[in-house]
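Q: If you read the protein sequences in the order shown, they are chains A and B. Counting from 1, one number per residue, gives the positions in the first sequence under our numbering. Counting from 267, one number per residue, gives the positions in the second sequence under our numbering.
Keep in mind the hints are simulated off the structure, nothing from the lab. Don't be surprised by glycine CBs; every beta carbon is placed ideally from N, CA and C. Watch out, some of these pointers could steer you wrong.
Claimed, not checked - What the simulated footprint calls covered on chain B by chain A, stretch by stretch (three residues with Cβ under 8 Å from a Cβ of chain A suffice, anywhere in the stretch; the number is not a length):
{"#": "1", "segment": "592 to 602"}
{"#": "2", "segment": "619 to 629"}
Stated by the list, open to error - Below, computed lysine to any residue pairings styled on SDA-like, alpha-carbon distance capped at 25 Å:
{"#": "3", "chain 1": "A", "residue 1": "LYS45", "chain 2": "A", "residue 2": "PRO166"}
{"#": "4", "chain 1": "A", "residue 1": "LYS115", "chain 2": "B", "residue 2": "LEU362"}
{"#": "5", "chain 1": "A", "residue 1": "LYS115", "chain 2": "B", "residue 2": "TYR544"}
Unchecked claim - Computed, partial: chain B to chain A, Cβ under 10 Å:
{"#": "6", "residue": "ASP300"}
{"#": "7", "residue": "LEU301"}
{"#": "8", "residue": "ILE304"}
{"#": "9", "residue": "ASP368"}
{"#": "10", "residue": "ALA374"}
{"#": "11", "residue": "ALA375"}
{"#": "12", "residue": "LEU381"}
{"#": "13", "residue": "PHE390"}
{"#": "14", "residue": "PHE393"}
{"#": "15", "residue": "LEU429"}
{"#": "16", "residue": "ALA526"}
{"#": "17", "residue": "LEU527"}
{"#": "18", "residue": "ARG541"}
{"#": "19", "residue": "LEU610"}
{"#": "20", "residue": "GLN614"}
{"#": "21", "residue": "LEU684"}
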Amino acid sequence: MKRDDDLRRKLLAGLAASAAGALAGCTRAMAAKSAEPAPSRRRRKWGMVIDLDRCARCAGCVVACQQENNIPPLGAQAAARTRPIHWMDFLPPASGSFTATPIPCMHCEDPPCVKVCPVGATYQNPEGITAQVWERCIGCRYCIVACPYSRRYFNWSEPRWPGDDPSSLNPDVAPRPRGVVEKCTLCHHRIHAVLERARLDEELLTDEALRRLPACAESCPTQAITFGDLADPDSEVARLAASPRAVRLLPEAGTRPKVIYLRETK
Amino acid sequence: MKATRGAVVLLLGLAVLGAYAFTQQCIHGDAVTDLRTIGAGGPVWGLYVVGDGFFASAALASLAVGCVIRVLRLREIEGVARMALPFGIAGLVASLGCVLADLGRPMAALVNLPLVGRPASPFFGTFTLVAGASLVATLVHLALTNRPGWAQRAQAASRWPGLWRALACRWQDTASARQRRERVDFWLSLGLLPVLLGGLVILGVVFGVRAGRPAWQGRFGVVTFVVSGAAAGCSLLALAVHAHRRANLFMARTVAVLTALAVLLVVSGEILALRTPYLSVQRYAHALLEGPWSGLFWAELVLFFLAGMIALAMSLRKTVSLIGTATTALLVCTAVSLERFLLLVAWQTHGLGLSWPAGVYRPTWVEWSVLAGVAAAAVLAFLSIAKVCPAGTEAATEAGDPAPADERRRLLVTALCLVGGFVLACGGLALSAGLASAPFLDPILPGSPLVFLAGLLLMVAAALAYELISERPR
Chain A
1 MKRDDDLRRK
11 LLAGLAASAA
21 GALAGCTRAM
31 AAKSAEPAPS
41 RRRRKWGMVI
51 DLDRCARCAG
61 CVVACQQENN
71 IPPLGAQAAA
81 RTRPIHWMDF
91 LPPASGSFTA
101 TPIPCMHCED
111 PPCVKVCPVG
121 ATYQNPEGIT
131 AQVWERCIGC
141 RYCIVACPYS
151 RRYFNWSEPR
161 WPGDDPSSLN
171 PDVAPRPRGV
181 VEKCTLCHHR
191 IHAVLERARL
201 DEELLTDEAL
211 RRLPACAESC
221 PTQAITFGDL
231 ADPDSEVARL
241 AASPRAVRLL
251 PEAGTRPKVI
261 YLRETK
Chain B
267 MKATRGAVVL
277 LLGLAVLGAY
287 AFTQQCIHGD
297 AVTDLRTIGA
307 GGPVWGLYVV
317 GDGFFASAAL
327 ASLAVGCVIR
337 VLRLREIEGV
347 ARMALPFGIA
357 GLVASLGCVL
367 ADLGRPMAAL
377 VNLPLVGRPA
387 SPFFGTFTLV
397 AGASLVATLV
407 HLALTNRPGW
417 AQRAQAASRW
427 PGLWRALACR
437 WQDTASARQR
447 RERVDFWLSL
457 GLLPVLLGGL
467 VILGVVFGVR
477 AGRPAWQGRF
487 GVVTFVVSGA
497 AAGCSLLALA
507 VHAHRRANLF
517 MARTVAVLTA
527 LAVLLVVSGE
537 ILALRTPYLS
547 VQRYAHALLE
557 GPWSGLFWAE
567 LVLFFLAGMI
577 ALAMSLRKTV
587 SLIGTATTAL
597 LVCTAVSLER
607 FLLLVAWQTH
617 GLGLSWPAGV
627 YRPTWVEWSV
637 LAGVAAAAVL
647 AFLSIAKVCP
657 AGTEAATEAG
667 DPAPADERRR
677 LLVTALCLVG
687 GFVLACGGLA
697 LSAGLASAPF
707 LDPILPGSPL
717 VFLAGLLLMV
727 AAALAYELIS
737 ERPR
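When you get a sec, could you build the whole thing from the sequences and use the hints?
A: Right under this line is the structure:
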């Protein structure tokens, strides 16, 4: 028993010393790692620029997004409980500002929602779109809590459309069931279709074909929304993103959003 | 620990009410709760996650206290360590219930988490380390610790001697068996301690650290979470071990220190939040101080303070009364629940980075009923385990020392379990994390989170092997 006690004392002392050493080492390693920039391996980097000078706040983009992506209209009960689903929405003006801001998912380069998902239901595709696989989602809503822009939505009840008529739905986008999270996809079904068409026709994909590709950009009457490849320096979206008016929302969050705003000059 | 028949009926009634409320939620969806869309007027995490944070942290903290007592062999307060086991099991089961109630698709979670769980997510840690490894390891620990008592019951009890004999697993009160028992106690406690503390910190991370919240505030939140969880766990343990004089004095002192620390951390966090340059943090701090959540915030501080004062008075007078201990436990648990609520809900309603409107949250009867049902089920589980487990483990059957034994087989199986479990756990973790692949992708092998968990459990099984494999005479 005495041998056991001696061994125990030595072990505890050794463990305490090595834990202190390991902690110091880990802290140093983490500090060094956080200083390194994240490597970029993507070919394309889809992004969006929203010109706030041009935006008329007509909410056409909101309606087009609802229609394109089979987002059910808000019922009376959901409205009373403030449970809307708007992939594209308007951020109320902050104090000192007078205008609302259209706000889709920011498709961050370092998305916090992807990091916290326990089952990989949300992921970043190779072209930088933060996508959601709702079949895999378990409805923990951790991604919603983690998103600093509050751009994710939970389906609190079964989706219903007026008259329960499914024929009005867009066949390219699957409706989401109760209990899962959904979000803006930058209309990736449209991107896939354009890329596939270009591949089949053996044509080069032009920047003009992409600029108004998502439903919100297509419907915007003032062409305030421009979509394209941020990694292509010749694209319109990259040119606008390099403008001195370009700003990103919540830069202090460190998420590096790929939706960029051109601030108002008036 | 004995409960009156009336108390048991009340607890059963609450559990049934909780089950009924949960069926309503399953039928109608989460629309029956008052959870809302974040940014559009409310929190997406509410009472269920608060319950999870409370039960899991109290359970993990009390189990950790039990492990420390065993590792340091503080025999005078051994009763605390013994009581921590059933208490910890009940708390972990309750936290699991809260998590499952909160999920939008609980059945999908039970399938997808073992198949494609991602270690990069804190949720993975809470489910595998907290719900899986800690719970099973604690069950093993409970079974091994109570073998001598069960052996005694098998000899003395007139009812179900076969059951007690089976539970005792051929325990013989010999010097070598006791020595083995002590070794297993020490090593199992030492091995469990990092798992329990890791689980507690991961839970704190889920509550404290979020994107957009400044890092210092998140870390402060984690520390406050851990300390207040320890205060809740110790106050409940103090109630459970009230009959042991030395133990209850020790627990009263511990609760006094932890509540003082909790008050200090809550007040410091609030002062720092008011002084920060971040607008969202200032909004949150003002919502606590003078806004819609101020009532709960001040109530939390007053309850912590009162509980600390009662615990301090008892420890200075060296007389610990049952009423004093029960009042302290009630005050601390209410204060800790409020602290969890404010850390989680108030941040979602008033601490958003962008200019979304402030939100509100008033839990519905369904949420209250489910939470009450889970709590009642946990208390029933605790009472049942405490009833099955004997209060003392001293002086079991005397069998004298057997002939000198060959320990090779025992050591070999134990080593195989440990090494095999370690290899499985490391392999499962590497495969789940997608190492040697790109980050944030699927596990390399579907089901590898289950392999990781199986590895951890195999390591725990080493304790069973060491203690239960019979000696073969030379």
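Q: Evaluate each hint against the coordinates.
A: Right, here's what the structure says about each hint:
no.	hint	result
1	592 to 602	violated (count 0)
2	619 to 629	holds (count 6)
3	LYS45/A <-> PRO166/A	34 Å, violated
4	LYS115/A <-> LEU362/B	22 Å, holds
5	LYS115/A <-> TYR544/B	24 Å, holds
6	ASP300	7 Å, holds
7	LEU301	7 Å, holds
8	ILE304	5 Å, holds
9	ASP368	7 Å, holds
10	ALA374	5 Å, holds
11	ALA375	4 Å, holds
12	LEU381	8 Å, holds
13	PHE390	5 Å, holds
14	PHE393	7 Å, holds
15	LEU429	33 Å, violated
16	ALA526	25 Å, violated
17	LEU527	21 Å, violated
18	ARG541	17 Å, violated
19	LEU610	9 Å, holds
20	GLN614	7 Å, holds
21	LEU684	16 Å, violated
Going through the hint list in order, the structure does not satisfy hints 1, 3, 15, 16, 17, 18, 21.
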